[in-house]
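Protein chains in written order, with the working numbering: chain A, 1 to 319; chain B, 1 to 239.
Because the hints were derived from the structure by calculation, they are not lab data. In this text the structure is predicted, and so the values were computed from the model without any measurement. For every residue, glycine included, the Cβ atom is placed at its ideal position computed from N, Cα and C. Accuracy of the hints is not assured; some may be wrong.
[Stated by the list, open to error] Derived contacts from chain A toward chain B, CB cut-off under 7 angstroms, selection only: (1) 127; (2) 130; (3) 131; (4) 134; (5) 140; (6) 154; (7) 164; (8) 205; (9) 206; (10) 208.
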Amino acid sequence: MTSLKQLYIVPVLAAVLVGFFLIWLIMPVHYIYQTALILLVSLLILGVGFRWITYQRVTRIRDQIKDIIGTLEEFDIDEPRKVTFEKSPYPIINELNEYLIEIIDRVRQNYQANKQFTQNASHELQTPLAVIKGYVELLLQSPNMHEKEFEALGAILQNTNRLSKLNAALILLSKIEHQRFTDFEKVNLNEVTDEILDNFKDLLFAQEIEVQRKEEGIFEVEMSAALAEILITNLIQNAIRHNESDFISIEISEDRFQIANLGKPSSLTPLQLFKRFKRDSEVEESLGLGLSIIQRICEVSDLEVEYQIVRNRHVFAIK
Amino acid sequence: MSRGLVLLIFFHLWLMKILLIEDEQGLTDILLRSLKREGYVCESATTFMEGYKKITNYEYDVAVIDLNLPGGDGLKLVKALREENTQTGIIIISARNTVDDRIGGLDLGADDYLTKPFNLSELNARIKAVLRRKTNQFSKELIFGPLSINLDERTVIAGGTELKLTKKEYAILVYLTRNKNRIVTKDALAEHLWGDYMDEAVSFDFIYAHVKNLRKKLTDNNCGEYLKTIYGIGYKFDV
């Protein structure tokens with residue numbers, strides 16, 4: 001930009017030189033200096049004025065581009081509100097706006113169609129899955145079944161169950177993403193943790209896992225109670241599933257819930273971890289959707305989720 | 001009147017009548033087959049109006065009602081049925097699983113609420129529980145030879161001695177007896193005991209441990225032969 005600005009000096013200097021030359025050619029000698037001075041001064045004013053005007057235009061264009069960036073930053077693909085830009089006196093900016101609106105509309109349509117598809121697909125899958133399960137259950141009851149047949153039915157059942165669970169997780173995700181949980185209230189996460197640990201009591205006992213709790217304060221969050229329960233359940237379940245020691249630790253303070261377990265070093269980076277379907281290859285039964293659910297719940301509840309591994313200690317924290 | 005007809009009418013009065021209001025044909029078929037197998041007399045309706053006509057014209061012991069019906073909300077049927085008749089047990093089956101739906105349904109007088117998809121053995125157990133509460137035909141005691149389970153006092157007596165069962169062992173035993181002579185799958189048992197909380201692999205280990213303890217207690221009192229393991233699938237209470 002600076003080099004371009006310096007270029008203004010060239011036409012100004014040229015004009016001055018040409019002016020001098022013309023004056024020298026046609027003017028009587030004693031007028032020459034006064035005329036030259038006037039010419040010089042007016043040319044200078046012209047130059048400065050020219051630059052000032054350009055500067056003003058550039059600033060206005062920059063402000064308008066800033067406005068556009070601001071609008072784009074606020075843009076939420078989930079919100080049905082139409083994106084609008086202020087009309088600009090510059091045609092080039094208007095043209096840019098038109099293109100942006102067109103692209104946004106198209107992206108939004110694709111996104112909605114995609115989302116709708118996932119949602120419909122998982123809902124439509126529910127009934128056929130239930131029917132398959134039902135028929136297998138009925139077949140199981142028929143007399144004269146042999147071991148081979150039981151084995152086959154067992155395999156069908158197991159896989160259908162996996163599909164149902166996966167499907168249920170997808171439906172839950174799409175519900176969260178569709179903001180179906182809007183019943184925000186003050187939720188005491190300490191109490192929620194108590195309740196859920198109670199549900200896991202049997203499991204913890206069977207796996208000989210001790211829960212070390214440290215409560216420094218009451219962590220209250222404005223969020224959906226149902227989601228809070230799912231969130232804490234998923235965090236605890238995740239910690240138990242990947243645990244390699246005989247304890248997990250939970251720390252709760254006024255603005256932080258933290259759960260940690262000792263585990264294998266994960267082959268996934270913290271960023272990859274939250275992507276749907278990414279999972280550690282060694283833990284077979286996990287569906288890889290649990291962490292996505294954790295993350296989405298945090299997003300819609302204005303919480304921050306943090307994950308780090310410190311010397312094989314996997315720590316999840318929400319703030 | 002022929003003897004057969006009299007017998008038929010007598011049987012009809014004696015058997016439990018169940019109405020199933022559900023619009024998914026595939027699910028209706030499977031549920032009817034499962035219920036008939038248990039010896040209930042079943043009728044089905046696939047729309048709101050059909051269901052409404054049936055509940056206003058006939059009497060049933062249990063009505064199983066889906067909430068999403070063509071032609072109207074199943075909750076209205078629950079309400080209508082409750083106003084008409086207080087004896088009929090009502091079980092809602094629904095894919096809607098919000099707390100509001102659940103509470104709304106139970107407030108209107110439903111006896112139970114089952115979220116889709118569910119296991120056939122779960123519906124079977126719930127129907128029996130509702131029937132026991134609503135009618136006197138199902139006694140508070142389940143008796144199988146030397147084994148008797150008192151459902152009110154939650155005690156189990158085998159061969160004259162009272163068994164000391166844990167909560168989970170008792171729940172497993174009651175669930176299996178409610179589905180007697182049927183194979184109950186491990187996952188149905190897991191869902192019955194813990195809902196959706198558990199990981200499959202973990203809960204199966206867990207059920208295995210509980211059933212092992214339960215079997216030992218039963219065997220020690222000569223009741224072990226009722227409890228059969230169907231390898232890889234689940235368990236069966238054989239009478």
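Here's how the hints hold up against the structure:
1. The closest approach between the C-beta of residue 127 of chain A and any C-beta of chain B is roughly 5 angstroms, which is under the 7 angstroms cut-off, so the hint is satisfied.
2. Using the Cβ-Cβ criterion of 7 angstroms, the hint placing residue 130 of chain A at the interface with chain B is satisfied: the shortest such distance is roughly 4 angstroms.
3. Of the supplied interface hints, the one on residue 131 of chain A holds, with its beta-carbon coming within about 4 angstroms of a beta-carbon of chain B, less than 7 angstroms.
4. Taking 7 angstroms as the C-beta contact cut-off toward chain B, the hint placing residue 134 of chain A at the interface holds, the least distance being around 4 angstroms.
5. Hint status for residue 140 of chain A relative to chain B: holds, with the closest Cβ pair at about 4 angstroms, below 7 angstroms.
6. Contact between residue 154 of chain A and chain B, as hinted, is supported at the beta carbon level, the nearest pair being about 4 angstroms apart and thus within 7 angstroms.
7. For residue 164 of chain A, the interface hint holds, since its Cβ comes within 7 angstroms of a Cβ in chain B; the closest pair sits about 6 angstroms apart.
8. Look at residue 205 of chain A: its Cβ only gets to about 10 angstroms from chain B, farther than 7 angstroms, so that hint breaks.
9. This hint holds: residue 206 of chain A has a C-beta 5 angstroms from the nearest C-beta of chain B, less than the 7 angstroms allowed.
10. Interface restraint check: residue 208 of chain A against chain B, minimum CB-CB distance 12 angstroms, threshold 7 angstroms, status violated.
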